[in-house]
Structures are given as C-alpha cells and as structure tokens.
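Take these sequences, add in the hints, and give me the full structure.
Every letter in the sequence shown is one number past the one before it in our numbering, and letter 106, counting from 1, is 106.
I should point out that these hints are in silico values taken from the structure, not numbers from a laboratory.
Treat the numbers as computed from the prediction; the structure is a model and nothing was measured.
One or more hints might be untrue.
[Claimed, not checked] For lysine-lysine, the following DSBU-like pairs were computed, each having C-alpha atoms within a straight-line distance of at most 35 Å:
#1 Lys38 <-> Lys26
#2 Lys45 <-> Lys56
#3 Lys74 <-> Lys26
#4 Lys25 <-> Lys105
#5 Lys56 <-> Lys77
#6 Lys56 <-> Lys74
#7 Lys107 <-> Lys53
#8 Lys109 <-> Lys56
#9 Lys74 <-> Lys109
#10 Lys63 <-> Lys38
#11 Lys53 <-> Lys77
#12 Lys25 <-> Lys45
#13 Lys53 <-> Lys63
#14 Lys105 <-> Lys26
#15 Lys74 <-> Lys105
#16 Lys38 <-> Lys53
#17 Lys25 <-> Lys77
#18 Lys63 <-> Lys26
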Amino acid sequence: MAFNERLADRIREQFTFFPETFTEKKMFGGICFMYEGKMTVGIVKEDLMVRIKSEKMEESLAKDFVRPMDFTKKPMKEFVYVSPEGCETELELLHWIELGLEHAKHKLKQ
Numbered sequence: 001m002a003f004n005e006r007l008a009d010r011i012r013e014q015f016t017f018f019p020e021t022f023t024e025k026k027m028f029g030g031i032c033f034m035y036e037g038k039m040t041v042g043i044v045k046e047d048l049m050v051r052i053k054s055e056k057m058e059e060s061l062a063k064d065f066v067r068p069m070d071f072t073k074k075p076m077k078e079f080v081y082v083s084p085e086g087c088e089t090e091l092e093l094l095h096w097i098e099l100g101l102e103h104a105k106h107k108l109k110q
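This is the structure we're talking about:
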C-alpha cells in the first residue's frame, strides 16, 4: 500500500490536540482515519482525502489545490481530495481534519 507516510504521521500528531479518539483503517488503497466508525480524513497516494458536509462542499472546492474525489471515475458525494500543496502547513491540515470530524459527528447524529 503506497501512501504518504509523512502526511499520516502529521495527521496523527494533530490528533493529539483533540479529545476524541480516532482509529485507522486501510481503505481506498491508502489509509483512512475514523471517528466512531465514520470517515474523517484519509490519504490516497499523495492526496489528503476529506469527508465534508454537503453545505460546505462548494466553499471547499473553491479553494486552491482542492478537487472532487473521483476514485470511481465519478465525483463522490461529500468527498474531496486536497493536493499536498493545500495542506503544507499544520494550520491548513488542522482545518481539513476539523471539517472531516465535523462531518463524522454530523453523520452520527442522523
């Protein structure tokens, strides 16, 4: 399984700032970080994969280095890829993790 291990380590480091507990699961040929069984963020090759609430998709897709997740050759609902340039800083990475966690918590309430 080839995915950006350094990015995975950076994500794990960011999780130390959250009171929530995250688990890891191999998925999409990479790795996915879960909160209570719901996907938050993950890594597919070099890209960060983020699960985002539908009402925040348009705003997120308008950002540089963000595109729809098209793992199946069609855009997947509520998923985006963020290129490495879009999560270079820890603050940028934290933003994406927070969006992914927000999505997971939203799904748990449904």
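Tested hints:
1. Distance hint between Lys38 and Lys26 is fulfilled; the C-alpha atoms sit about 13 Å from each other, no more than 35 Å.
2. Of the pairs offered as hints, the one joining Lys45 and Lys56 holds, with about 24 Å between alpha carbons and a cut-off of 35 Å not exceeded.
3. Between the alpha carbons of Lys74 and Lys26 the distance comes to roughly 21 Å, so the proposed pair stays at or under 35 Å and holds.
4. Taken as a hint, the Lys25 and Lys105 pair is honoured in the structure, with Cα atoms around 18 Å apart against an allowance of 35 Å.
5. For the hint linking Lys56 to Lys77, the alpha-carbon distance of about 12 Å falls within 35 Å, and the restraint holds.
6. In summary, the hint linking Lys56 to Lys74 is supported, as the alpha carbons are separated by about 19 Å, within the 35 Å threshold.
7. A hinted pair counts as satisfied when its Cα atoms are at most 35 Å apart, and Lys107 with Lys53 qualifies at roughly 9 Å.
8. Under the criterion of a C-alpha separation no larger than 35 Å, the hint pairing Lys109 with Lys56 is consistent with the structure, at around 18 Å.
9. Our distance criterion of 35 Å between C-alpha atoms is met by Lys74 and Lys109, whose separation comes to about 28 Å.
10. Restraint check for Lys63 and Lys38: satisfied, since their Cα atoms lie roughly 24 Å apart, inside the 35 Å limit.
11. Between Lys53 and Lys77, the direct Cα distance comes to roughly 9 Å. Compliance with the 35 Å bound is thereby established for this hinted pair.
12. Simply put, Lys25 and Lys45 have alpha-carbon atoms about 15 Å apart, close enough for the 35 Å limit, and the pair holds.
13. Of the pairs offered as hints, the one joining Lys53 and Lys63 holds, with about 16 Å between alpha carbons and a cut-off of 35 Å not exceeded.
14. This hinted pair checks out: Lys105 and Lys26 have alpha carbons roughly 21 Å apart, not beyond 35 Å.
15. For the suggested pair Lys74 and Lys105, the alpha carbons sit about 26 Å apart, so the restraint of at most 35 Å is met.
16. Taking the CA atoms of Lys38 and Lys53, the gap is near 13 Å; set against the 35 Å cutoff, the hint holds.
17. In summary, the hint linking Lys25 to Lys77 is supported, as the alpha carbons are separated by about 20 Å, within the 35 Å threshold.
18. For the proposed pair Lys63 and Lys26, the alpha carbon gap of about 27 Å is at most 35 Å, so the pair holds.
Checked against the numbered hints given earlier, the structure satisfies every one of them.
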